[in-house]
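This is what each chain is made of:
Number of protein chains: 2
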Amino acid sequence: MNPIITAFERSPDGGKGLARDTRVRWALEEVGQPYDVRLVSFQALKEPAHLALTPFGQIPTFENGNFTLFESGAIVLHIAEHYEGLLPKDSVARTRAITWMFAALNTVEPPILDLVTANIFEGDKPWAQERTPLVKDRIRVRLRQLSSYLEGADWLDGAFSAGDLMMVSVLLRLRMSGMLDEYPSLAAYVSRGEARPAYRRAFAAQLAVNAPAS
Amino acid sequence: MNPIITAFERSPDGGKGLARDTRVRWALEEVGQPYDVRLVSFQALKEPAHLALTPFGQIPTFENGNFTLFESGAIVLHIAEHYEGLLPKDSVARTRAITWMFAALNTVEPPILDLVTANIFEGDKPWAQERTPLVKDRIRVRLRQLSSYLEGADWLDGAFSAGDLMMVSVLLRLRMSGMLDEYPSLAAYVSRGEARPAYRRAFAAQLAVNAPAS
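Residue numbers (our numbering), protein chains in the order written: chain V, 421 to 634; chain R, 421 to 634.
Incorrect hints may have been included.
What the hints assert, rightly or not - No more than 27 angstroms apart at the CA atoms, straight line, and that leaves these computed lysine-lysine pairs for DSS-like:
no.	chain 1	residue 1	chain 2	residue 2
1	R	Lys556	V	Lys556
2	V	Lys556	R	Lys509
3	V	Lys545	R	Lys509
4	V	Lys466	R	Lys556
5	R	Lys545	V	Lys545
6	V	Lys509	R	Lys466
7	R	Lys436	R	Lys545
Treat the hints as calculated values from the structure; they're not laboratory data.
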C-alpha cells in the first residue's frame with residue numbers, strides 16, 4: 421500500500437505548482453516513495469470526511485495505513501525522518517536542516533503569504549496600490565538576509581536537504597512577482613531546486629491534474 | 421554547561437511574554453533543563469556576532485557547546501526530542517504532536533502575525549480602520565476550526581505536548597485583542613497552558629528582564 425496524499429481537484433493557481441501538495445510530492449519523489457493521490461473539491465474540504473483528517477480543511481493530508489497527518493511541514497518532516505535522502509545522518513547537521521524547514525515556514529513564508537493576501541483577497545481594495553509596496557519591502561528584508569547568507573553556496577547547509585526543499589517551495593511563491601530576480605543568488609538557488617529531477621516529476625504530476633493536455 | 425538562549429535586552433511588548441524566547445524558556449522549564457540567557461540589544465541583532473547565529477537577526481537562538489540553532493520552532497522541537505516531557509513515546513502520537521507544532525506556526529500564526537503588522541506597522545495608515553476587521557475575520561476562520569476541533573478536550577491530542585506549547589504560545593498573541601474570548605473553549609485552553617508551573621516560571625523569567633521590580 422502506497423501512502424495517500426490529498427490535493428485540490430482544481431488548484432487555484434491552475435497548475436503553477438504553488439499548492440502545498442507539490443512540497444509533499446517533491447519530498448516523496450526525492451526519497452523514491454511512490455504515492456497515491458486523492459483529489460478533493462473545494463466543497464469537500466469543508467465536509468466531515470476531510471475535516472476528520474485535518475481540522476483546518478486544507479490540503480495536503482497524508483495517510484499511511486491507520487496513521488494520518490496534516491500540515492505540509494509536518495508531512496515533509498515525517499517523510500524525511502522515515503525514508504533516506506532528505507536529512508543528513510549526522511545529528512547536528514540533521515537538526516540544522518530541520519531548523520531551515522522552520523525558518524522557511526515561520527520566518528520567510530509569512531510575509532510572502534501576506535503578499536498573496538494583498539494580491540488575491542485584497543486586490544480590489546482601495547488600499548491595494550499603496551499597501552503592496554510595504555508588503556514587498558517586508559519580504560525584501562528576508563530575501564536580503566537569505567541572499568547574504570547563501571552567497572555562492574548551492575544549498576543552505578551543505579548537501580540538499582528537506583530545509584532546501586521547503587525554502588525553495590516557499591520562494592517559488594514569489595516567481596510571478598519578479599522579486600526573486602532582484603536577488604540573483606536566490607533566483608539561482610530556486611532554479612537549482614526546480615532543476616532537480618524529483619521536483620520536475622512532482623511539478624509534472626500536479627500539472628497533469630490541473631492543466632491536463634487537451 | 422547549561423544551554424544558552426538569546427532574548428531581547430528589552431522586549432517590544434514590555435514583558436507580556438510574546439517575544440519568542442518565552443516559548444523556548446517554557447520548553448526548557450517543562451523538561452527541567454536549566455539555561456542561561458544572553459540579552460541582545462536591537463542594535464546587536466544586526467551585528468556579525470549575532471548574524472553568525474541566525475541569518476535573520478532574530479531572537480531566540482540556542483547554543484549548546486559547539487552546536488547552535490535558531491527558529492523557536494526548531495529549538496522547541498530539538499528540546500522536545502532530546503529531553504523527556506514534551507513528546508509522547510509512541511511514534512504515531514509523537515508525529516501527531518509535531519504536526520500540531522507546524523499547524524501552530526504555519527496555519528494559525530501567519531494570520532495572527534498579520535494582525536500584529538496591521539496594528540503596529542500599519543496602525544497609522546489610512547486603511548487601518550477598514551482593513552483590520554478583514555484581518556480579524558481571517559483569524560476567526562482558524563479560531564473557529566480549532567475551537568470546533570478541541571471541543572471539551574484539555575489538550576490537542578491526549579496529554580500536553582510540544583504541540584500545545586506552541587499553539588498556546590501563538591494564541592497568546594491574541595490576548596490583548598479580546599478575540600480569544602469569542603471562543604470560550606480556546607480561552608480556557610490558553611488559560612490551562614498559562615496555569616502550568618513551567619509556563620509561569622518562563623513568564624516570570626522574561627518579565628524579570630523586561631519589567632524589573634523597582
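Going down the list of hints, with the structure as the test:
1. A threshold of 27 angstroms between alpha carbons decides the hint, and for lysine 556 (chain R) with lysine 556 (chain V) the separation of about 21 angstroms falls inside it, so the pair holds.
2. Between lysine 556 (chain V) and lysine 509 (chain R), the direct Cα distance comes to roughly 43 angstroms. Violation of the 27 angstroms bound is thereby established for this hinted pair.
3. Distance check on the hinted pair: lysine 545 (chain V) and lysine 509 (chain R) sit about 50 angstroms apart at the alpha-carbon level, beyond 27 angstroms; violated.
4. The straight-line distance between the Cα atoms of lysine 466 (chain V) and lysine 556 (chain R) is roughly 21 angstroms, inside the 27 angstroms bound, and the hint therefore holds.
5. Using a Cα cut-off of 27 angstroms, the hinted pair lysine 545 (chain R) and lysine 545 (chain V) holds, with the two alpha carbons roughly 14 angstroms apart.
6. For the given pair, lysine 509 (chain V) sits about 32 angstroms from lysine 466 (chain R) by alpha-carbon distance, which is inconsistent with the 27 angstroms threshold.
7. This hinted pair checks out: lysine 436 (chain R) and lysine 545 (chain R) have alpha carbons roughly 25 angstroms apart, not beyond 27 angstroms.
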